[in-house]
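The numbers in the working numbering rise by one with no breaks, and the one at position 82 of the sequence shown is 942.
Everything labelled a hint here was simulated from the structure, so no lab data went into it. Computed from a predicted structure; not experimentally measured. Treat the hints with care, as some may be off.
Said to hold, decoys possible - Simulated restraints on C-beta separations:
hint : residue 1 : residue 2 : range
1    : P909      : N972      : 24 to 32 Å
2    : Q1013     : L907      : 21 to 29 Å
3    : K955      : F997      : 44 to 52 Å
4    : P909      : Q1013     : 31 to 39 Å
5    : N1019     : S990      : 36 to 44 Å
6    : Q976      : R906      : 42 to 50 Å
7    : P905      : G871      : 26 to 34 Å
8    : P884      : P905      : 32 to 40 Å
9    : R868      : A904      : 50 to 58 Å
Using N, Cα and C, we set each Cβ at its ideal position, and we do this for glycine too.
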Amino acid sequence: MGEGLKQRLLGAVVLLALLIILAPALFRGGETHPLASSAPTPQAPRLEPPPVPAFVDQLSVLPDRVEVVSTSSEEVLEQDEAVKPVGVDDKGHLKAWSLQLATFSEKNNARNLEYQLKKQGYSTYQKKISTEKGKNFYRVYIGPEARPDELQQLKVAINKELGLEGIIVRFVP
């Protein structure tokens, strides 16, 4: 055997012996491992997920599903009215506000505005309003928001972007 081959074999045997000696200590962790300890780790308390608020189900309305709501059920927020606190009303609905942008007699016009606003990143929806005479109108809204002051800022931005003068109304699911 050549001298170079002997040195290589001897080196391989030494490395193999070191691996056999040190591998159990590395993989077992043992008491010498700085992150391992012999004290039992305390179990973290199991946390229950928080309950889902009732209004979440009311917000998942499909775009084609519209509701008949009389116009008298909406409250209009005046400019000088104080900001209402966030909470729940008597019926268990979230006290929230929406920005009413437009009312159309044609559903396709309302749908087009709704899609245009959604493409710009706004949270929009529409409602079908029926009059006593049986005529249907379709209103387009942005929202709902819990704080009407946020909608006030949005109202100014929408007026500049699209030229639509909206009004802030109470969100009725």
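Which hint numbers doesn't this structure obey? Of the numbered hints, 1, 2, 3, 5, 7 do not hold.
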